[in-house]
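A.B. asks: The listed protein sequences derive, respectively, from chains V and Z.
All letters in the first sequence, in the order written, are residues 1 to 343 by our numbering.
All letters in the second sequence, in the order written, are residues 344 to 447 by our numbering.
Careful, some of the hints might be misleading.
Claimed, not checked - Simulated crosslink set (EDC-like; lysine to aspartate or glutamate; CA at most 16 Å straight-line):
id, chain 1, residue 1, chain 2, residue 2
1, V, K230, Z, E418
2, V, K53, Z, E409
3, V, K129, Z, D445
4, V, K53, Z, E408
Unchecked claim - Label pairs and their in silico Cβ distance ranges:
id, chain 1, residue 1, chain 2, residue 2, range
5, Z, K345, V, R154, 55 to 61 Å
6, Z, G363, V, Q76, 32 to 38 Å
7, V, R236, Z, G437, 33 to 39 Å
8, Z, K345, V, K41, 39 to 45 Å
9, Z, A433, V, E198, 43 to 49 Å
10, V, R154, Z, A433, 57 to 63 Å
11, V, G296, Z, G437, 32 to 38 Å
As the list claims (entries may be wrong) - For the chain Z half of the interface with chain V, some residues (derived, Cβ under 10 Å), not all of them:
id, residue
12, C381
13, C385
14, C387
15, A388
16, T389
17, Y393
18, M412
19, E415
20, A416
21, E418
22, D445
It should be emphasised that the hints constitute simulated quantities derived from the structure, not laboratory data.
For glycine and all other residues, C-beta sits at the position ideal for the given N, C-alpha and C.
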Amino acid sequence: MTEPRVTTDVVIIGAGPVGLFAIFELGLLGLKAQLVDILDKPGGQCAELYPEKPIYDIPALPVVTGGELVERLMEQAAPFEPQFHLGQMAEKLEKLDNGNWLLTTDLGQELEAPVIVVAAGGGSFVPKKPPIPGIEDYEGSSVFYAVRKMETFRDRHLVIAGGGDSALDWTLNLQPVAASVTLVHRRADFRAAPDSVEKMRALAEVGKIKFEVAQIGGLEGADGKLSGVKLKSPERGEWVEPCDTLLPFYGLTMKLGPIAGFGLNLTENLIAVDTEKFETSVPQIFAIGDINTYPGKLKLILSGFHEAALMAQQAFHYVHPDKKLRFQYTTSSSELQQRLKVA
Amino acid sequence: MKVKATDREGGQHEITFHEGDTLMVVLTDEDLGIRAECGGCCACATCHVYVAPEWFAKLPPPSDEETGMLDEAFEVQPTSRLSCQVLLTAALDGIEVTVAPDWD
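This is chain V alone, in the form it adopts within the complex:
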């Protein structure tokens, strides 16, 4: 899925609303952008957490859902032909001898640009890990938070935990591959798609899988090999479900992740910036949206939009050190209208 090293004007980390609007502001100034996001779709929290929730404080949109806002921002950014590298985490950032920055993702995609914009919101969305003491000893051998290859689970005895679509989908998909599957959920009802729940119940009825109404209480095993998962419920007390693999699916949480190691000044996991250019402590690296902090900061989408516009002005000077930037309006400038592909 990766391509050879891409060189561009600006690399944006995070394709949430603020990252998407940054494409637009940079694009008006003639700058091209490439975006990286850990999710498999653009939109950030708007897409992942609240696609259907109404937002009431976007200027000129009295009400808009998270999903609609993303759609509109994508439409607004489209004339500038942004390139997205989705399902990838920005992992390493290094300064090159030519003055550019090189960003490498966890899939090995290399993106080179004179300007980096961190628009990472609350951080990367990563699977929630149950706070069970010692669980990290089993991660990667017996405990998995995602399924990359189904073959990994052939002939294994699985406990799958959770009540959402991931838990249900993997229960259905892994059942033919695994030696056994036990689905564990805290209640008899599910928020997953009703169709998947019905299929799961049908499999449970004929004994092809087991469904336990319980919560996970602990792990049993040694040397990274799981031998069972402790389950508990108010009705049945505690018992051990023998298994060699646990797949917990409790949704996603946000973590700053590798950005913490980029060498930027941080204040309580937020990136400190100035309020003129929204540049970090490292020249040519900017931070906009929820991830940044400055006196008076408000974590609002509209603040991030403003920050994107001011960031773009300085980004222009880094990309074109010899050029003068003339301030123009989209209402009157034929140059801007050509870039917007409306003239």
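Using the hints, position chain Z against chain V.
C.D. replies: Here is chain Z on its own, set in the frame of chain V:
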């Protein structure tokens, strides 16, 4: 009016609230380690608390949406609530809550 909160280390906190505040907004006034990642729209389960049983009984029951989102919380108990969905009123002056374990 006050919320009496116990943090994950057993520390006791009394936090002032005003009628109409959500419990989450009050709890995040102090650093009790509540992340409330989604900002209070019942979309993340990172503001999970246990409400003392006598106070739990005084709350309107959770919506289906909240019950569904509690599926993404850990160590859910009969008096578990997502604090962003608990609206505080004068009748809840003195409500006692304990912060639930955090995700790694």
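A.B. asks: Would you mind marking each hint as holding or not holding in the structure?
C.D. replies: Outcome of the hint check:
1. Note on K230 of chain V and E418 of chain Z: the hinted pairing holds, with a Cα-Cα distance of about 13 Å set against a maximum of 16 Å.
2. A hinted pair counts as satisfied when its Cα atoms are at most 16 Å apart, and K53 of chain V with E409 of chain Z qualifies at roughly 14 Å.
3. Of the supplied pair hints, the one linking K129 of chain V and D445 of chain Z holds, its CA atoms being roughly 10 Å apart against a limit of 16 Å.
4. With a CA separation close to 12 Å, the supplied pair K53 of chain V and E408 of chain Z stays within the 16 Å bound.
5. Evaluation of the 55 to 61 Å hint for K345 of chain Z and R154 of chain V yields a pass: the beta carbon distance comes to about 57 Å.
6. The given range of 32 to 38 Å is respected by G363 of chain Z and Q76 of chain V, whose C-beta atoms sit roughly 36 Å from each other.
7. About 35 Å separates the C-beta atoms of R236 of chain V and G437 of chain Z, a value consistent with the hinted range of 33 to 39 Å.
8. The hint said 39 to 45 Å for the Cβ distance between K345 of chain Z and K41 of chain V, and at roughly 43 Å that hint holds.
9. Between A433 of chain Z and E198 of chain V the CB atoms are about 46 Å apart, so this pair conforms to the stated range of 43 to 49 Å.
10. The supplied range of 57 to 63 Å is met by R154 of chain V and A433 of chain Z, whose beta-carbon atoms lie about 60 Å from each other.
11. With their beta carbons about 35 Å apart, G296 of chain V and G437 of chain Z fall inside the hinted range of 32 to 38 Å.
12. A distance limit of 10 Å between C-beta atoms decides the matter here; for C381 of chain Z the minimum to chain V is near 5 Å, and the interface restraint holds.
13. A least Cβ separation of about 9 Å between C385 of chain Z and chain V falls short of the 10 Å threshold, and the interface hint therefore holds.
14. A least Cβ separation of about 6 Å between C387 of chain Z and chain V falls short of the 10 Å threshold, and the interface hint therefore holds.
15. At about 7 Å, the closest approach between the beta carbon of A388 of chain Z and any beta carbon in chain V falls short of 10 Å, and the interface hint on this residue holds.
16. Interface hint at T389 of chain Z: satisfied, since its Cβ lies 7 Å from the closest Cβ of chain V, which is below the 10 Å cut-off.
17. With a cut of 10 Å, the hint placing Y393 of chain Z at the interface with chain V is violated, because the nearest CB-to-CB distance is about 14 Å.
18. A least Cβ separation of about 8 Å between M412 of chain Z and chain V falls short of the 10 Å threshold, and the interface hint therefore holds.
19. Hint status for E415 of chain Z relative to chain V: holds, with the closest Cβ pair at about 4 Å, below 10 Å.
20. About 8 Å separates the beta-carbon of A416 of chain Z from the nearest beta-carbon of chain V, less than 10 Å, and the hint is met.
21. Residue-level restraint check for E418 of chain Z holds (minimum Cβ-Cβ distance to chain V is 7 Å; threshold 10 Å).
22. Contact between D445 of chain Z and chain V, as hinted, is supported at the beta carbon level, the nearest pair being about 6 Å apart and thus within 10 Å.
Figure legend: structure checked against the earlier numbered hints; the only hint not met is number 17.
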